[in-house]
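These protein sequence lines map, in sequence, to chains S and D. Sequential numbering from 1 applies to the first sequence in my numbering. Sequential numbering from 1001 applies to the second sequence in my numbering.
Just so you know, the hints here were simulated from the structure itself, not pulled from any lab data. These numbers come from a predicted model, not from an experiment. Please note that the accuracy of each hint is not assured.
List of simulated lysine-lysine pairs, BS3-like, C-alpha gap at most 27 Å [what the hints assert, rightly or not]:
1. S:Lys214 x D:Lys1244
2. S:Lys277 x D:Lys1265
3. S:Lys303 x D:Lys1244
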Amino acid sequence: MNLHEYQAKQIFKDYGIPVLPWRIVESADEARNAAEELGCPVIVKAQVHAGGRGKAGGVKFAATVDEAVDAASGMLGTRMVTHQTGPSGVPVNKVMVTPAADIAHEYYLSVVMDGDEGAPVIIATREGGVEIEQVAEEHPEKIVRIVGDPLIGLLPYRARDAALALGFPSALIRPATALVSNAYRIFTDNDCSLVEINPLIETEDGNLIALDAKVGIEDDALFRHPGLRQLHDPDQMDPLEREASEFDLAYVKLEGGRVGCMVNGAGLAMATMDITKWAGAEPANFLDIGGSADLDRIEHAFKIIVSDPDVEIILVNLFAGIARSDVVATGVINAAREVGSTKPVVAAMRGTNAEEGLQLFEESGMDITPAPDMASAAIVLRDKLASMGGRN
Amino acid sequence: MAVLVADPCRLLVQGLGRDGSFQAQRIVEYGTNMVAAVHPNRAGMKFMDEVPYFETAREAVEATGANTGLVFVPAPFAMDAILEQADAGISLIVSITEGVPVQDMMKAKAYLDRTNSRLLGPNCPGLIHPGERIKLGIIPGAAVTPGNVGVVSRSGTLTYEAVAQLGAVGMGQSTCVGIGGDPIPGTNFIDVLTEFQDDEETEAIVLIGEIGGTREQAAAQFIKENVTKPVVASIAGQTAPPGKRMGHAGAIITGRAGLASEKNKALEAAGATVVESPAYIGEAMAGILG
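Turn these sequences into a full structure, and let the hints guide you.
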């Protein structure tokens, strides 16, 4: 679960990480009040769950109150498209107004989980304000990596190591050490998947400030953070992904695909996407219906897939261990009838009650082509796609 | 003999709710030697009228000599159950539970490193040895047949896929091991590859990886240096976009190394036969061992 910048900054504040004051506004009037109160110049920032908003016009400098009002009005109620969103973008419902800062230097600092190390790792660089991936590719020697201890946490001297390695001026070593420790503490206290400060700035008058804030919370740990769960903003999700999450389905919308995939198991779902490509088309989605999917969930899963206008044909690939093929077949048939879908289906079914499932498909009178396994299903799919023509 | 498992295997199952009980029944029916059940408030009762229930793992181990443990306990309590079994002296703990918080696993793994216990999982289908009919998890018994191919996989359903294909070309399996789809697994590819290399029963190895992390690259390095048996490998997720979690908590591309293409490259360079899709594993293995 991702947080908005203003929510992340509140957490920063609570943990003693310096941030500039801000106001969250939802209208032009509120923007005017905020800019007057804070004093111009200000920065106006769209609150969206997507990186790259600066390039997309979601961060604007305003020298006067009127400029701030214009900037906020220009963002509110629009949908922002960045390189991290789909073509439909994400809605801008809230805008942050915050004072402009005098930047002497920009740093980058983040905490992420390193699965291979089995511990959180601090990743930082003096080259802030840019894409960290790019720095890592082009100048790996400029990346500072400090691994925490899974049981002890981050020892103070390790936080100091990070501050020293980043080359802060000596007056800032102590506050930078505290900042690194606090960022690490935010990560572990709140079961984060990400704590990122980009940029972390040194101001002209020698202060450290987190100018931006990005915090992600691990979904699997939300059960023990009821307060954080309330910060969830479902409007920022893809509508189909949002609907899927309500039924506990692991669904990811993929851009530009035409083959809807319905599979049990995450690994098999990925392999099904891959073999779709082999068959000559792009997958439209990842979908794992889970091991013990009941009829209701399967019906919803199929409805979500066919409601995607990009989907022209559906590939069902089932290897039923706990799940039952006949239940999946019934769910697919029910859902297709209910929404009146005539999109063709290619279905591979193996495992528990596979024959019954295929029998149900055959008797349904629908455009369903059975296949004995995944490799054969791919060949059927390829031929079907060829006969349908159109785009790849 | 099954890799990773103590001989003779004496199994304790912890967490016998609806799903756990259903699976434990399959495990007993398959022929696994289940000696103890652990579940709150059932001490004195019997599971399937034959296996005694205990309140704690320690009591179960003391009374039955259990050396292997299965954890079906729900995610919020899984770490506690895993470490309870470790402290009770269980040598192999298999955790099927999906959705264990990563930071719980981070602590559990660091704690387990101080003990003599090994963890398989979590979020895995477990392990099955068709020859001795030992089933520690949820891999369907009907899917596997005794033979000489060892299977190790991050994915449950792709394990079934591989097994079905091996069966179709007349090849059985020695041990099938699911290491699970989480970012911090208790047991890695390398641990299982080490066992397969030393296992007399295993003549060839199937390795199924997926996007995210760098464990396949580590496995490739290990294969290059230590594995003399033929390896057929496949990586799922070639079409997955970066930054999006593909179901499994660990299946997310966060850097170049997490890409399927990078993993394929490393495995090929290590001498493994890499197939485009897990759908071609059977064919490739038949070509090698045929």
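Hints that the structure is at odds with (numbers, increasing): Going through the list in order, the structure violates no hint and respects every one.
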